[in-house]
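*Asks:* Letter by letter, the chains look like this.
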Amino acid sequence: MNVRYLPYLLILPVTLFLCLFFIYPFVLVSQQAFSGPEGPTLEHFREVVSYWKFPISLQNTLLLAAVVVPIQLALSLLMATMVSRMGKGRDLVLYVWTIPLGISDLAAGIIWLAIFEQSGFLNSMLYGIGAVSEPVNFLSYQNPAIVFLAIVLAEVWRATAIMLVILVAGIGLIPKEYYEAAEVFGASPWKRFVKITLPLLRPSLQTALVLRVILAFEVFAVVAALGGTLFPVLMSETYAYQFDLLNSNAAAAMALIILGISIVSTIVILRALRVPKGARV
Amino acid sequence: MTYSRTLTGAVAGLALLMTGTVVSAETLFWSTQARPAEERQAMRDGVLDKFGSEVDYQPNENGPWLTRLQAELKANDGTIGLLGGLHGELAALSADDLVDLDTLGLSADSGTFNELAKLGAENMQYIPWMQASYIMAANKKALEHLPEGADINALTYDQLIEWAANVHEAEGRPKFGFPAGPKGLKHRFFQGYLYPSYTDGVVRTFASDKAVTAWEKFRELWEHTNPASTNFSFLQEQLLSEDVWIAFDHTSRLAQAFNERPDDFVAFPAPAGPEGRGFMPVLAGIAIPRTAPDMDAAKSLVAYLLEPETQIATLKATNFFPVVAVELPDDLPPAVKASGEAIAKMSSAPDANPGLLPAGLGDMGGDFNRVFVDTFERIVLAGQPIERVLEDQKRRLATIMERSGAPCWAPDAPSDGPCPVE
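Chains as they are written, first to last, in the numbering used here: chain A, 1 to 281; chain B, 282 to 703.
Simulated from the structure, these hints should not be mistaken for lab results.
Be aware that a few hints might be false.
As the list claims (entries may be wrong) - Quick list of in silico lysine-lysine cross-link-like pairs, DSBU-like style, CA-CA up to 30 Å:
#, chain 1, residue 1, chain 2, residue 2
1, B, Lys498, B, Lys422
2, B, Lys464, A, Lys53
3, B, Lys422, B, Lys618
4, B, Lys422, B, Lys464
5, B, Lys618, B, Lys331
6, A, Lys53, B, Lys675
7, B, Lys355, B, Lys675
8, A, Lys191, A, Lys277
9, A, Lys176, A, Lys195
10, B, Lys422, A, Lys53
11, B, Lys491, B, Lys626
12, B, Lys498, A, Lys53
What the hints assert, rightly or not - Restraint ranges, calculated between C-beta atoms of paired labels, are given here:
#, chain 1, residue 1, chain 2, residue 2, range
13, B, Asp381, A, Leu28, 40 to 50 Å
14, A, Thr41, B, Arg316, 35 to 45 Å
15, B, Ala352, A, Pro189, 51 to 61 Å
16, B, Pro631, A, Ile103, 49 to 59 Å
17, B, Gln339, A, Gly120, 45 to 55 Å
18, A, Pro25, B, Thr680, 45 to 55 Å
19, A, Ser50, B, Gly664, 14 to 24 Å
20, A, Glu43, B, Lys355, 21 to 31 Å
21, B, Gly664, A, Gly120, 20 to 30 Å
22, A, Phe121, B, Asp381, 54 to 64 Å
23, A, Val3, B, Asn341, 50 to 60 Å
24, B, Leu385, A, Gly120, 45 to 55 Å
Beta carbons: idealized from backbone N, C-alpha and C, even for Gly.
Chain A extracted, bound-state conformation (with noise of 0.2 Å):
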């Protein structure tokens, strides 16, 4: 066989999938929000826009995700540069810190529910050290500053290994010379992290950031579990429109408009953190 064509044969599968069960159902949705009964329409637009949950789901959304994404983003390279300098014990430490990957974000939205509840970990604990007289009940309306807390602790602690899995291979990636010859001319850890590390590792970070911040824009089973109908998310009013209001087509507008905002926010990324193209390793 013609070796130049073997790539193509090789990608063929998985573009054939994503056309199948990606782009063909997003026609799908596209259509049904544009659908109305007499054509073409901006009708479902303006009806989930104008709900008066809209500016507040919006908001939160996007606050959820400037407050999750940075410390999510200094969490991991900080880990990650810890564990590239590790030698024994490091696939083990690596392990640990992934497994919260491996949970469902449902059940990770559970077990911080377990921690905050009124008859949680963290009250049974003030309790018993005598910090507070009776169990207080932090995830409730009257605290939406602690529910957030709760929302923001619970998707670090979930989603922080994922940019962190991306961070140590693009860190494996960087040549040792590079450290070596810097550490010849006396620059120190600091120094070398910031000339060496986060240029080299840009790439890396793209993919990290782009990858966290669109599922940042999808967060809805941990604030579900958390948050319940306190803190209302674009994704938990989608799903309310498709389940509680059997309305698909607010449900595909909602879905289209968290799409806009992921794509604007990929683009954004994708800029300014540009690798020049004779730059590229």
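Using the hints, position chain B against chain A.
*Replies:* Frame of chain A; chain B shown alone:
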């Protein structure tokens, strides 16, 4: 890696096996009811095992339930033999997709239920299957705090508020529980209890002065409600953990408390307001989709489910009451006895003001519920001014009524055409 591969293989094999069994003569009973594991098991082992042939009882959440059904209807090729669901869930289906069931000669004792089961069409689209209601339950420790002169079986909303306040004061924290969680049935409380009791209506009186009073009263009650109620969906859990001493919920969502500790709790009727003691039934029905693979098997299963013995077995399994006349045995679970008595007292009360389930809303039932849930969230949780919220939500409600064309139902006065929001 090899381990996970073996696992994948095993799962795939299992999936194949399961699709294999679908082909056999089993009837798939696709239901939204009796979802908790124990109830599901009780349906399989206590109710359906005595039916002549095999029945595969598969309960599911409303969303997935509907998705699969619609997929089968669209494909014109089905595996679902029998549908089980609440009136509202079945009402969201098109009457053309359900088989007319008049020829079976089966019906409930209640004419109202049989009329509801027509879903606005000429013939019965589903057969009433079982019924329940919402009641109040309390921990016996709360009884000493009852306001003076108050009869627990004939409470008013004012007395309930005072009682909850007394408990709050004595215990140092609010102990009233309300199912305001994401899966809680709070909207039914507003539609079937608060509004009828205060305004003698639901739709017409939605934004009336009386409705303003009703919400003011509810706000007062909320002062003494456990703020974690926004996470409560099955009050039996909070009754058992004693986070809550007085609660309102669906009978089957209180059942576990009575069954586990029958001596610790009492069941009693919902309170009364100025317009009487509003309350509302819950009705579940069974229907056959037009794509059912074996029509005869499905029909004989419907007939079997309506037999008195099956209805009693269903009551034991699900805490939902029979819809046909039956002689109740003595060995019923404590929850059934307690809630049965409370419902009887509620419906025979001199000031009873029974409401009906929303009818004629079609697939806008969810939107209708959302109006009440949103009103609650805005008035009670967000503390927005009552009049403004009601004026605002009123427009949404009016649009829903016009679009669905649903006429008024009790306790609203009858209407020609869509029920108006006054």
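*Asks:* All the hints need checking, so say for each whether the structure fits it.
*Replies:* Evaluated hints:
1. B:Lys498 <-> B:Lys422: 25 Å, holds
2. B:Lys464 <-> A:Lys53: Cα-Cα ~18 Å, so holds.
3. B:Lys422 <-> B:Lys618: Since the Cα atoms of lysine 422 of chain B and lysine 618 of chain B sit roughly 21 Å apart, the hinted pair holds (cutoff 30 Å).
4. B:Lys422 <-> B:Lys464: Distance ~28 Å between lysine 422 of chain B and lysine 464 of chain B Cα, so the pair holds.
5. B:Lys618 <-> B:Lys331: 25 Å, holds
6. A:Lys53 <-> B:Lys675: Roughly 17 Å between the alpha carbons, so the hint for lysine 53 of chain A and lysine 675 of chain B holds.
7. B:Lys355 <-> B:Lys675: Answer violated: lysine 355 of chain B to lysine 675 of chain B is near 36 Å, above 30 Å.
8. A:Lys191 <-> A:Lys277: 25 Å, holds
9. A:Lys176 <-> A:Lys195: Measuring from Cα to Cα gives roughly 14 Å; hence the hint holds.
10. B:Lys422 <-> A:Lys53: Outside the cut-off at roughly 40 Å; violated.
11. B:Lys491 <-> B:Lys626: 26 Å, holds
12. B:Lys498 <-> A:Lys53: Measuring from Cα to Cα gives roughly 25 Å; hence the hint holds.
13. B:Asp381 <-> A:Leu28: 40 to 50 Å: 32 Å, violated
14. A:Thr41 <-> B:Arg316: 35 to 45 Å: 37 Å, holds
15. B:Ala352 <-> A:Pro189: 51 to 61 Å: Cβ of alanine 352 of chain B to Cβ of proline 189 of chain A: about 58 Å, so the range 51 to 61 Å holds.
16. B:Pro631 <-> A:Ile103: 49 to 59 Å: At roughly 56 Å between Cβ atoms, isoleucine 103 of chain A and proline 631 of chain B fall inside 49 to 59 Å, so the hint holds.
17. B:Gln339 <-> A:Gly120: 45 to 55 Å: 33 Å, violated
18. A:Pro25 <-> B:Thr680: 45 to 55 Å: The hinted range 45 to 55 Å is violated for proline 25 of chain A and threonine 680 of chain B, with Cβ atoms some 31 Å apart.
19. A:Ser50 <-> B:Gly664: 14 to 24 Å: For serine 50 of chain A and glycine 664 of chain B the Cβ distance comes to about 23 Å; the hint holds.
20. A:Glu43 <-> B:Lys355: 21 to 31 Å: Roughly 23 Å apart at Cβ, these two residues keep to the hinted range, so it holds.
21. B:Gly664 <-> A:Gly120: 20 to 30 Å: 27 Å, holds
22. A:Phe121 <-> B:Asp381: 54 to 64 Å: 55 Å, holds
23. A:Val3 <-> B:Asn341: 50 to 60 Å: Given a distance of about 51 Å, which is inside 50 to 60 Å, the answer is holds.
24. B:Leu385 <-> A:Gly120: 45 to 55 Å: Cβ of leucine 385 of chain B to Cβ of glycine 120 of chain A: about 51 Å, so the range 45 to 55 Å holds.
The structure does not agree with the numbered hints 7, 10, 13, 17 and 18 stated previously, though it agrees with the rest.
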